[in-house]
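With the hints as extra help, turn the sequences into a complete structure.
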Amino acid sequence: MLGFLQRPVVVTADINLNVVALTAVGLLSRLWQLAYPRAVVFDEVYYGQYISFYMKRIFFLDGSGPPFGHMLLALGGYLGGFDGNFLWNRIGAEYSTNVPVWSLRLLPALAGALSVPMAYQIVWELGFSHCAAVGAALLILIENALITQSRLMLLESALIFFNLLAVLSYLKFSNSQKHGPFSPSWWFWLILTGVACACAVGIKYVGVFTYLLVLGVAAVHAWHLIGDQTLSNVRVLCHLLARAVALLVIPVLVYLLFFYVHLLLLCRSGPHDQIMSSAFQASLEGGLARITQGQPLEVAYGSQVTLKNAFGQPVPCWLHSHQSTYPVIYENGRGSSHQQQVTCYPFKDVNNWWIVKDPGRHQLVVNNPPRPVRHGDIVQLAHGMTTRLLNTHDVAAPLSPHSQEVSCYIDYNVSMPAQNLWRLDIVNRESDTDVWKTIVSEVRFVHVNTSAVLKLSGAPLPDWGFRQLEVVGEQLSRGYHGSTVWSVEEHRYGRSQEQKERELELHSPTQTDVSRNLSFMARFSELQWRMLTVRSDDSEHKYSSTPLDWVMLDTNIAYWLHPRTSAQIHLLGNIVIWASASLATLVYALLFIWYLFRRRRRVCDLPEDCWLRWALAGALCAGGWAVNYVPFFMMEKTLFLYHYLPALTFQILLLPVVLEHVSDHLCSRPRPSMAWLSQNGAPGVLLKREKRRSPSKRKAVPAGRTPRRPA
Amino acid sequence: MPPAVGGGLAGSELRPRRGRCGSQAARAVGPDVATEATTRSPKRPAPSSRRFEAPGRWALLALVTLMSFATRFHRLDQPPHICWDETHFGKMGSYYINRTFFFDVHPPLGKMLIGLAGHLTGYDGTFLFQKPGDEYEHHSYLGMRGFCAFLGALLIPFAYLTVLELSQSLPAALLTAALLTFDTGCLTLSQYILLDPILMFFIMAAMLSMVKYNSYANRPFSAPWWLWLSLTGVNLAGALGVKFVGLFIILQVGWNTVSDLWHLFGDLSLSMITHMSGIRQIMPHMPSTLHWLGLQVTVGKHLTARILCLIVLPLALYTATYAVHFMVLNKSGPGDGFFSSAFQARLSGNNLHNASIPEHLAYGSVITVKSARMAVGYLHSHGHLYPEGIGARQQQVTTYLHKDYNNLWIIKKHNTNSDPLDPSLPVEFVKHGDVIRLEHKETSRNLHSHYHEAPLTRKHYQVTGYGINGTGDSNDFWRIEVVNRKFGNRIKVLRSRIRLIHLVTGCVLGSSGKVLPKWGWEQLEVTCTPYLKETLNSIWNVEDHINPKLPNISLDVLQPSFPEIMLEAHMVMIRGNNGLKPKDNEFTSKPWHWPINYQGLRFSGINDTDFRVYLLGNPVVWWLNLLSIALYLLSGSIFAVALQRGARLPAEVEGLSQVLLQGGGQLLLGWMMHYFPFFLMGRILYFHHYFPAMLFSSMLTGLLWDTLLRLCAWSLASFSLAGHVHTLGILSLLLGIAYRPPRRLKALTPPWDVTKGRADGIVTAVLPSFPQISKYS
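Those protein sequences? They're chains D and H, same order as listed. For the first sequence, the working numbering assigns the number 2 to the initial residue and increments by one for each residue that follows. For the second sequence, the working numbering assigns the number 14 to the initial residue and increments by one for each residue that follows.
Be careful, since some hints might not be right.
Unchecked claim - Listed next, the in silico BS3-like pairs over lysine-lysine satisfying Cα-Cα at most 25 Å (straight line):
id	chain 1	residue 1	chain 2	residue 2
1	D	K543	H	K472
2	H	K454	H	K505
3	H	K546	D	K638
4	D	K638	H	K454
Honestly, the hints are just simulated from the structure, not real lab data.
Structure (structure tokens):
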């Protein structure tokens, strides 16, 4: 207990002053005058608006990447006490005093600064000398493109940081595999690998390439582990399980965590609500939730509803009808039924109200108790303001002649009977009940007579249809498509018997109280899906470039221009570093192929451990460059120089590795390698000689076994 | 036949050197190990295969072939009207017979063969092939269908032989043959004038010859080795010559060849120089380079043989098909406009053929302006306005691929409206750097641009037709510049690459290559781009040129060389392929639909009275295939892990595992190669794209079940009935596959289809009209 009286308490610390110095220089280079310029620089205008949304906790949707990167930037704003009140509309606009520029830019700058000592660590862990490691760190330190990108509210530096962290921790892990598997540090680095990978993916989707690379290397190592027959089966299984959990399960969990926090933070409705489903919108404060609060949940016969199309293309809209009829003859000479138009209308309107009617009864009010409508029930839909019934028939639709016209039936007393029965098809009844519910249920209306499905064609009608969107009955009812799916957004139980009363009722807002809650997974999957599918119009940009321009540094981006002094910020690489790094990659590839071919002929130029080190360095650095670069050739989006920076970082790491290798093994033919030759070369030669003699023996054996085709 | 032959066969296929590679190979020190490896070559006891005598084998093959032909040729003449894409490929066959030039996104070989088959069987190319459902009447169509069915029928013996070679097991081969014979999808796809039977024929033939030449690996450079190797090359050329999908089998053969060469390279016994040891004694210090050089002779011979047969030969054949294509099609036809002016000059009947036009542009000339980017077309305008909300409501300007009166423009001076063709005025040539006005001949509106955003490319400016009878405003002025020329030079027709720079905004006239929506008749967008980067998009050349006041010169100097034609044809095809994008709101087939047989393709039949044809796989076959792939991955990884753990397997099991890992591995690779790339494709996809992959997956199924049942039989060896497990299993599988879908297709309607309630079955319910007919499938 009083042990410290007998023995002194000793703290031994190994401090690598190289690392400390590199960190200090890195911090200096990235943090020096960080708040200058006090103006919006380039993509800050883009990320800044999301920071403001976080500060105000307003929901938004950004298709460019998962939320972790945005949240990191927002964290900077939170620490600096930013209230989100700034209009991010123009590059070069001066920041107002309430914007904490320094703290907003702090986290990316820190990430950029810490990349410097990490480069050192990685090269060291790869088994190369301190000299090479310091070289790698210095190259990262002085690369001006990395400095520029780190000093602004941008995501690349954080992405690079987590990419490097993933590689570094994997290296630490695989090095500790030799001495202490399942030790605390082994577990720490393994799990950190998974977490860092998830963070990289969480910042930008391109992080997934580094993740896949690390997974690939881990898989190869695991495969060797399986082949290691000194380990027992159980132990191999434990190893594999630990890797699977840390590198597959944990990243997924961490990724989900980002979305969890994201959705937790953003709880208010905002400008992008319309893209999401009604159920999702209802889960946000304000907006739709305010409208739908307290609606009855189950749709019953007599319910008054508005029906929103689930597709939302070209605009979100509601099923609509009005007094006007289809013109007897269209411009192109085809005829119509001249019945009341049914359209889809992108604005809230009293004409969007429909009443669910039981075909067997005449009343348009809800019984007490309400009779809920279920999957497969036959219903009629009466338009609230005109009480005409939704109808479709074998008449070509105005703009999509392959499909059927949808109308509200007017009895002209010609030989055209009403065909107004619809079968309710609840698409998501598997995951929910088969009762038609407000907001939650996604339903299709299948026409009983023709089995056509009520569908939004999306084409805007000409002037006679007030440019509202065309709705058709389509028999191509295969598969699921959003344009055939509708959901009830506003809903109330109809109470008025008389038409006049009913019109008043329709004009009044819905009331009552229930709250809708979607599960996290449902919200996550919807949000993730929308983020992946939201279409950003691929616009050409003045500074956009192609991947080929990047290697030769044939492009730049002007980030900012001082309005008076013409001081400028440009993203431009250091041409010496870029060229020599590219050269190093080329040299590496050629040398690697040379060694590989010669090893195949059993000529070992490198000792085994040296070869393994060389191959691992190539797999991680040259491979890291390749996986972060080559996929851009296949991407169709607008590309910029900064997309190359993650690849460049890996390429820079390769440069000192190649230099050291060349100087050790190729330039000087020094003693170490000769000494090695004399040790290992002799048995090698012996082996080859014996090998060469063997064919005569070998030939004798298969000669008798020459395969013949059965004739 | 002595039993040793069976074992020898197995040994030849299972090439033991494949088994030891990487670290294992490094352990193989000394000659004793090498010989051990050869003797340890798995002796696969193939009890059932030994039972069949050679005549029996031939009889089986004949039976399989007969079955296949009988099913494929049964009622081939039905329906006697155009089915689905017959409308395209039959039409293209007719083009070959009529020698009119056309454009298609696929390489020419398949259509050429169809044309040839039609020609040989008396079809005269007069049928119009207008739309699906048209009756053939008196036209002879059976020859073309028969040709496709013949190739389609050969698929089954090919698959049979491939599996036999890979597994050395007759039951496996039979199972495969049965799977394919009884698959309704393969049957349907093989019966009509389509490219797919031809494509699949070449793919399977290439696979078979590759497997065959692999089996001669221990007798390299023998006559059959050469035969199969060169046949592989021929079939690769055929596959690529029919559709670009043939690239996948080329990749597979390429992968096989590379790994083969890699093993040869690592085989230290392959050396031609036997005096190496002597040299080494003389010069002990420089062993490695000589060693390196010396050993390469045999490997080099292998390499050369493969380059010759698998690269040079296919390329030569592929090029030859194009040579024939361009030689046969020498008349002007519907495909002219897709190609450059120089190319069109070759086609008789085209207005550029043997044409003579004025050489230099002058004011008053009537011209057509063509984009330098391939397959973009001519600057075009027509009497329709941009719809409201899309820029200014003025006349549309687009590019259009076809020749049309609306492509004609008149060059006028910017400041006068006097008619330059007035004979009293002298001819005035247009010079580099002049400011001009381009008046659309048909509508008399000027080419115009202004600060409104372009319809699709939002950062560019809109280009419109503006003004009445040639009177517009200063936004109609363009400066004409020749790329890389000095100011003041005249502008040559066809030769000069010109740019049109808008005087007021300083932007450059260009085509974005994007397809306008319906309101623009799906022509391509024309914009004025403010980014002055020099790209092909903004470079144009003058093609037609009419000016009565100028003397004409001949155009023969423009004849392009054959390599230029090849390159251009490929560029146009690739662009055409990329242009086949699904439209919004259209139900499209997704790759994940295919293996589960989610939804078929309607070939024929609009109403209840028609003969109805629906392409859908036999669910038993397809779902069995799907199950087999999962099972294969499971059993394959179990074996791989067991081998990697160094487990000592009994000889028989080891032999089976080799079949599974190597033979099955090749088939799985084939399946993946022919399936997964579709996930990355942006173009519109159809169900029938899956069929090459389905062939591989059926072969895998045959091989897998045979192997698994053998393993079962082996593990139950202690029971008396063990021997029958395998036989019974194979028999029950064969019977199960022969399941014939009930007559009413309704039963095949997937349960998740909403039409299931319909009384009259899937066919009428699914497609009331013709949107499914692919433009180019």
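**Asked** Going back to the hint list, which numbers does this structure go against?
**Response** 4
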